[in-house]
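Novice: Given only the sequences and the hints, what does the whole structure look like? Please build it.
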Amino acid sequence: MGIATLYLSVIVLIPLAAVVAKAFSQGLSPFWDAVTNPLALKAIGVTLAVSVLVAGIGAVMGTLVAWVLVRDEFPGQRFVNALIDLPFALPTIVAGLTLLALYGPDSPFGLHLAYTRAAVVVALLFVTLPFVVRSVQPVLIELDREVEEAAASLGASNAVTFRRIVLPALRPGIMSGAALAFARSVGEIGALILVVGKVQIASIVIFADIESDAPSAAASLSVVLLAISLIVLFALRWFGGPRGGH
Amino acid sequence: MRIDAQAIAKRFGDFTALEDVTLEVPEGSLTALLGPSGSGKSTLLRIIAGLEAPDSGAVLIDGTDVTAARPQERGIGFVFQHYAAFAHMTVRENIAFGLRIRKRPKDVVTARVDELLELVGLMTWAGQRPGQLSGGQRQRMALARALAVEPRVLLLDEPFGALDANVRAELRRWLRRLHDEQGVTTVLVTHDQEEAMEVADRIAVMHEGRIEQVGNPREVYDHPASDFVMGFLGPVSRLGHSLVRPHDVTLTHSPEGEVIEAMVARIVHLGFEVRIELELPDGSTAGAQLTRAQAEALELATGDIVYARPPAGVPIEPSLEGAPGGPPTSAARAADLAAIDAAES
Amino acid sequence: MVISRRATLSARVVVLIYLGLLLLLPLGVVFERTFAHGLAAAWGWITTPAAISAFWLSVIIAAIAVPLNTIFGVGCALVLVRSRARGRKVLDALIDLPFAVSPVIVGLALLLVYGQTGWFGTWFAHQGIRIIYAPTGMVLATIFVSLPFVVREVAPVLMEIGDEQEQAAATLGASGWQTFWRVTLPSIRWGVAYGVVLTTARALGEIGAVLVVSSNVAGSTLTLPLLVYQRDSQIGAGEISGAYAAATELAVMSLIVLLAMTVLGPRRNETK
Numbered sequence: 001m002g003i004a005t006l007y008l009s010v011i012v013l014i015p016l017a018a019v020v021a022k023a024f025s026q027g028l029s030p031f032w033d034a035v036t037n038p039l040a041l042k043a044i045g046v047t048l049a050v051s052v053l054v055a056g057i058g059a060v061m062g063t064l065v066a067w068v069l070v071r072d073e074f075p076g077q078r079f080v081n082a083l084i085d086l087p088f089a090l091p092t093i094v095a096g097l098t099l100l101a102l103y104g105p106d107s108p109f110g111l112h113l114a115y116t117r118a119a120v121v122v123a124l125l126f127v128t129l130p131f132v133v134r135s136v137q138p139v140l141i142e143l144d145r146e147v148e149e150a151a152a153s154l155g156a157s158n159a160v161t162f163r164r165i166v167l168p169a170l171r172p173g174i175m176s177g178a179a180l181a182f183a184r185s186v187g188e189i190g191a192l193i194l195v196v197g198k199v200q201i202a203s204i205v206i207f208a209d210i211e212s213d214a215p216s217a218a219a220s221l222s223v224v225l226l227a228i229s230l231i232v233l234f235a236l237r238w239f240g241g242p243r244g245g246h
Numbered sequence: 001m002r003i004d005a006q007a008i009a010k011r012f013g014d015f016t017a018l019e020d021v022t023l024e025v026p027e028g029s030l031t032a033l034l035g036p037s038g039s040g041k042s043t044l045l046r047i048i049a050g051l052e053a054p055d056s057g058a059v060l061i062d063g064t065d066v067t068a069a070r071p072q073e074r075g076i077g078f079v080f081q082h083y084a085a086f087a088h089m090t091v092r093e094n095i096a097f098g099l100r101i102r103k104r105p106k107d108v109v110t111a112r113v114d115e116l117l118e119l120v121g122l123m124t125w126a127g128q129r130p131g132q133l134s135g136g137q138r139q140r141m142a143l144a145r146a147l148a149v150e151p152r153v154l155l156l157d158e159p160f161g162a163l164d165a166n167v168r169a170e171l172r173r174w175l176r177r178l179h180d181e182q183g184v185t186t187v188l189v190t191h192d193q194e195e196a197m198e199v200a201d202r203i204a205v206m207h208e209g210r211i212e213q214v215g216n217p218r219e220v221y222d223h224p225a226s227d228f229v230m231g232f233l234g235p236v237s238r239l240g241h242s243l244v245r246p247h248d249v250t251l252t253h254s255p256e257g258e259v260i261e262a263m264v265a266r267i268v269h270l271g272f273e274v275r276i277e278l279e280l281p282d283g284s285t286a287g288a289q290l291t292r293a294q295a296e297a298l299e300l301a302t303g304d305i306v307y308a309r310p311p312a313g314v315p316i317e318p319s320l321e322g323a324p325g326g327p328p329t330s331a332a333r334a335a336d337l338a339a340i341d342a343a344e345s
Numbered sequence: 001m002v003i004s005r006r007a008t009l010s011a012r013v014v015v016l017i018y019l020g021l022l023l024l025l026p027l028g029v030v031f032e033r034t035f036a037h038g039l040a041a042a043w044g045w046i047t048t049p050a051a052i053s054a055f056w057l058s059v060i061i062a063a064i065a066v067p068l069n070t071i072f073g074v075g076c077a078l079v080l081v082r083s084r085a086r087g088r089k090v091l092d093a094l095i096d097l098p099f100a101v102s103p104v105i106v107g108l109a110l111l112l113v114y115g116q117t118g119w120f121g122t123w124f125a126h127q128g129i130r131i132i133y134a135p136t137g138m139v140l141a142t143i144f145v146s147l148p149f150v151v152r153e154v155a156p157v158l159m160e161i162g163d164e165q166e167q168a169a170a171t172l173g174a175s176g177w178q179t180f181w182r183v184t185l186p187s188i189r190w191g192v193a194y195g196v197v198l199t200t201a202r203a204l205g206e207i208g209a210v211l212v213v214s215s216n217v218a219g220s221t222l223t224l225p226l227l228v229y230q231r232d233s234q235i236g237a238g239e240i241s242g243a244y245a246a247a248t249e250l251a252v253m254s255l256i257v258l259l260a261m262t263v264l265g266p267r268r269n270e271t272k
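Protein chains in written order, with the numbering used here: chain V, 1 to 246; chain X, 1 to 345; chain D, 1 to 272.
Calculated directly from the structure, the hints in this document are not laboratory data.
Mixed in with the good hints, there may be bad ones.
Stretch-level coverage of chain X by chain D, calculated; a stretch enters the list once three of its residues show a Cβ under 8 Å from a Cβ in chain D [to be verified]:
#1 70-79
#2 90-102
Restraint-style ranges between C-beta atoms, simulated for each label pair [unchecked claim]:
#3 V:L143 - D:V14: 18 to 24 Å
#4 X:F15 - V:E149: 41 to 47 Å
#5 D:L39 - V:F109: 23 to 29 Å
#6 D:L255 - V:I14: 33 to 39 Å
#7 V:F74 - X:D107: 36 to 42 Å
#8 V:P108 - D:Y18: 17 to 23 Å
Note that CB positions come from ideal geometry on N, CA and C, so glycine has one too.
Specialist: Structure representation (structure tokens):
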């Protein structure tokens, strides 16, 4: 226990404490200024908006993907299932480069989405794909088909059965996956750094601040970002939900 | 090796598992700790093993106080209800485990493991994993594994609880034979009174954290120290104030001597025996077990009034006439439930 | 729910198109561009001195971070599941922190602690030890971001198998250490293996934090992901081919990882 705590402290806790300390090193007022200046606010706003969108789309598409992987049967299904983990295995910078290739100035299909919010959303959808799928899959597998059959025998249509029986059962998995996707989106940098252009993403702004030797500003914005992810993750923990592991 | 548990007490939060339990396990005996779930029997066994520590009291093995000693140091062998097999090792490796830990030479280990594989009849399965064995085979392996290091004391925690009825019956007999051959002091925890009576030399009947009675099977069955013991060890019928065994109940058509009036509620033919379910004046039920011959001689029919007489020397209190009627007493109910538990297990 | 054949097929098609567009198409474009000028050219890009040292640096950093996090992970899982130490719930919550922290913040954090003006920076500078803008800092960053994986994979398995086997080993005379080596560890090996694979993937792919703490000097502080970034940031079409090549190299490595994940994934809760 002691050794574990020591390791954790040295590697994780002390460095994070330093960020918090730096953010408030000159007092509360400079911190507040740093996070409420127009640039910072815009960055936070855009980041949140994009992350919510990604979590939302991810929740819907992720559930659909999970559904097809669990309830359907087709050749190559195992390959597709394995593919879902690709965003976990692939370095984020590679993901960013692939999207730049596809949507950037040299796009083979003339899709010039790079440097727009759309590109950011697509990049984040790539990176967060496995979260919802892998959260929903086990719940879907465990689902007792007999309950659905009972509903059908009582006259419920597919839509009703889905809405009243299946969806409520899946909700914890979907919420958990969406929350993880949100938390990840808020902090993502590797996949975005090549396609972001002028879009104000918080992690990129922090990076710019560090490079331009403004560590206090960087730290202040970091504290805000940290607070957002921590709130989401601890809310997730508090309200239960399946332990996805990733 | 003798085991002495002295004044053992153990609580889990609000729940008292054991209260002032003192027990002597004679050397070379096979003692059963018998009782319903929650009686504390498994807890007592685990305290003897060192897998749990008592809140107070002492455990002595062969006169030496081992209360503070870890399980590794007590020289015990332990068999778990769900086998606790080392799933990633073969049967042979499982049995060899204790010896390999003690760094015994390879040839010694092999010889001893072979000996045990023969003893438990698993020689052809030696190279398999426990997952490929049946429940009964896994338990035999667990026994062999525990015996490999020649423990002073063998402790079995409901070893047959997870097995089918017929496998259980077979393993029971096999365990008794094994004990007769090997002679290791053994303590067996079970909730099955039939098992205890068939296998053990001595039975300690436990109830709600206390030992109700210790004795050989005949003693605890014929001379139970309490209503609980009587009810747990066999079927009981309550006639008035006393509990009697159904097969000790005599039924007559004439009310002579100390009898209690009863109505025949149901007649169940169980092959050679006949069970008569009786309804007593106070509304309670009792059972009488008769042989077919006895039943035929009485020519009973449902609804008949008969007279039930307990065996000689067992009194029926005069409470039957002044009986207020109404539901059976809670003691009688408890005895009924105990009898049902015993029959079900 | 009995779903019509048409609906089933539609769903299948929608999903396959979505996945194809999101996952496969971009990768396809990169592969295509990598080999657009021929195999030899691509090979040339990944065998430059900078590329070779970048590869080895990535591997070495992973080779340090992964074992450390594995040992921590197994030990931590044991503490969380088997011990009765106080503060376990707090430890459990804290372990998730690296998932909540943006990598760029990790970089900043290390900068603030070990940098020239950092908390311990001056002490290290006195000792002549460089942490920031040196591989050491990159190792620390990589350990941070890949910390939780082994714990999170091993803990559920430990809970699943229960401690009866360990109790049995104790009754058979095994010491704590013997029980761990001979009984506990073998029964969790698949969970550990899967956790190691995830940790390795994360370690190899790290970019956000190392971008901050690295001096981006080829040969000493340039990892493969950093090389991709660097080559892309350079103006001129020539370098971008190099970026694609390095990206493909990383993609191949991650496909090996993906294969390992696919093989080990279903077995990770196995306790035999």
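Novice: Run the structure past the numbered hints and jot down the numbers of the failing ones, going up.
Specialist: 7
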